[in-house]
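Enquirer: Generate the whole structure from the sequences, applying the supplied hints.
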Amino acid sequence: MIDKLYAELTGAGLDAIVANASGCGTHAKDYGFMFRADAALAPKAAAISAKARDVTEVLEMLGLPPVSAPRGTAVAYHSACSMQHGQKLDAPPRALLARAGFDVREIAEGHLCCGSAGTYNLLQPEIAGRLRDRKLANVARTGAAVVATGNIGCISQLSAAAGVPVVHTVELIDWATGGPEPRALREARG
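In terms of the working numbering, the sequence shown opens at residue 1 and continues consecutively.
Take every hint as true, because none was put in to throw you off.
Within a straight-line C-alpha distance of at most 25 Å, the following computed DSS-like cross-link-like pairs (lysine-lysine) qualify:
no., residue 1, residue 2
1, Lys44, Lys4
2, Lys88, Lys51
3, Lys51, Lys4
4, Lys88, Lys44
Beta-carbon label-pair distances, calculated as ranges:
no., residue 1, residue 2, range
5, Pro180, Arg36, 41 to 49 Å
6, Ser156, Asp90, 18 to 26 Å
7, Gly163, Asp38, 42 to 50 Å
8, Lys88, Arg130, 24 to 32 Å
9, Asp3, Ala108, 43 to 51 Å
10, Asp15, Arg130, 41 to 49 Å
These are computed hints drawn from the structure, not numbers from a lab. All of these numbers come straight from a predicted model, not from anything done at the bench. C-beta atoms are modelled at their ideal positions from N, C-alpha and C, and glycine is treated no differently.
Expert: Written out as structure tokens, the structure is:
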């Protein structure tokens, strides 16, 4: 992967290497550190890490397209561990959702994991289930109609018992700027 991305980076060039799954983005941003002792890969990995961005960082840099219709929908934003702890990105997704016209609600104990944690929900299902239930109890207290997050694992973990749709943050931003309504929202309406 490093060789292929580096070839593209030094060939036609790249402005950014964009990840829309926060766990993957965290990993790409860590390439430079992970391969720092590998003489052949260290400089390539560092160059890739320097270009790695979460999709919300890119949208923040470029700005949102015009909002076609402010939705006003109450959204509980779940900041995945890989976003808030791994990438240190907490504000951009919330700010984008607010600018797109959503009523962003804070989840109490937002710093806590939802129980997905990569494969944690597979390896420690009982503890992961308790974490999920705690997170969802806090989500319910927000009164939000939908949960947004930037991590696929969190979407799967929370969707199983949420009682409200759980979608990727970008699905809501896309909807607010003229794209289709997220499938999970359509299905929730029946």
